[in-house]
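**Student:** Sequence:
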Amino acid sequence: MSTMNDSLVIARRNLIRMTRIPEMVLFGLVQPVMFVILFTYVFGGSMKIGNSTDPDIYKNFLMAGIFAQTVTFATAGAGAGIAEDMHKGLIDRFRSLPMARGAVLTGRTFADLVQTTLTLVVLAVVALIVGWRPGFADSTNVGKILGGFGLLLLLGYAFTWIGALIGLSVRTPEAATSGGLIWLFPVTFISNAFVDSSQMTPWLRHIAEWNPFSATVQACRQLFGDPGLSRSGAWPMQHPVWASLIYSVLIIVVFRTLAVRKYRSTTA
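If you use UniProt numbering, the sequence shown corresponds to residues 1 to 268, in order.
Treat the hints loosely; a few may be bogus.
As the list claims (entries may be wrong) - Derived CB-CB ranges, DEER-like:
id, residue 1, residue 2, range
1, Gly-233, Arg-93, 49 to 55 Å
2, Thr-201, Met-4, 44 to 50 Å
3, Leu-128, Trp-203, 24 to 30 Å
4, Gln-31, Ile-246, 28 to 34 Å
5, Asn-141, Leu-97, 44 to 50 Å
6, Asn-141, Ala-175, 25 to 31 Å
7, Thr-117, Val-249, 18 to 24 Å
To be verified - Listed below are the simulated DMTMM-like cross-link pairs for lysine to aspartate or glutamate, each with C-alpha atoms no more than 20 Å apart in a straight line:
id, residue 1, residue 2
8, Lys-88, Glu-174
9, Lys-262, Asp-85
10, Lys-262, Glu-84
The hints are simulated quantities; they were obtained by calculation from the structure and are not laboratory data.
For glycine and all other residues, C-beta sits at the position ideal for the given N, C-alpha and C.
Let the sequences and hints guide you as you build the complete structure.
**Tutor:** What follows is the structure, given as structure tokens:
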């Protein structure tokens, strides 16, 4: 409980900082909105999903991928924020306080999760405006839709720990931003987020189908009632909800352990 209380105090500090620098939140909202508009209207009539190039089908296919990309790209901001605190000596000030060591990182990731939630809400509204139509037929579908967003937030939280480890491993916020984005591009684009993975070459398709990012995208499409689901025989594509949960929990366990260990060795 003491560690949790310390984490919440740090999370509150980071949330207050975000409100005092509103351009951080604003720029974080603009980029995913631009992705939605550009991908919808630029690629909407040319992407083949199954046997169709219908733009409306592609809109529903695309949104789960855009949502997942948005929550994972928050990783770069998390890493840069931690690197900045390290660079300015703020972490040294926290060390002088009677608080849990891991609370600094946990509080930071909690604050980033709140910002990611806000971004997802805005993005969902924009998606509805441009034509995204998940199943709203009954309360069961609404529950599934909320479950899909829950999986997205869990994936975003898991990837934030990767960003935390990167932020602790570099010397400057600029390096953390670059390091946080370099590996994200292949993870998000070698996936089923923006194209039907069945259209890929066999070796690339296998990588995409076993990508943790693809599992969450597939799970969201299933929960959102999207007809453009992959018909792959790979286990993560056949059981995407379970695969998404397993992948996200494993990433949190592994990278939280590594990040806290790195934090302790860095500040020792």
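**Student:** A separate judgement is required for each hint: does it hold in the structure or not?
**Tutor:** Hint check results:
1. A C-beta distance of roughly 54 Å is found between Gly-233 and Arg-93, which places it inside the suggested range of 49 to 55 Å.
2. Evaluation of the 44 to 50 Å hint for Thr-201 and Met-4 yields a pass: the beta carbon distance comes to about 47 Å.
3. Look at Leu-128 against Trp-203: about 37 Å separates their beta carbons, and that is not inside 24 to 30 Å.
4. For the pair Gln-31 and Ile-246, the supplied restraint of 28 to 34 Å holds, since their beta-carbon distance comes to about 29 Å.
5. In this structure, Asn-141 and Leu-97 meet the distance hint of 44 to 50 Å, their C-beta atoms being roughly 47 Å apart.
6. For the pair Asn-141 and Ala-175, the beta carbons lie near 44 Å from each other, so the given range of 25 to 31 Å is not met.
7. Between Thr-117 and Val-249 the Cβ separation comes to about 19 Å, which falls inside the hinted range of 18 to 24 Å.
8. Simply put, Lys-88 and Glu-174 have alpha-carbon atoms about 13 Å apart, close enough for the 20 Å limit, and the pair holds.
9. Of the pairs offered as hints, the one joining Lys-262 and Asp-85 holds, with about 15 Å between alpha carbons and a cut-off of 20 Å not exceeded.
10. Using a Cα cut-off of 20 Å, the hinted pair Lys-262 and Glu-84 holds, with the two alpha carbons roughly 16 Å apart.
The structure does not agree with the numbered hints 3, 6 stated previously, though it agrees with the rest.
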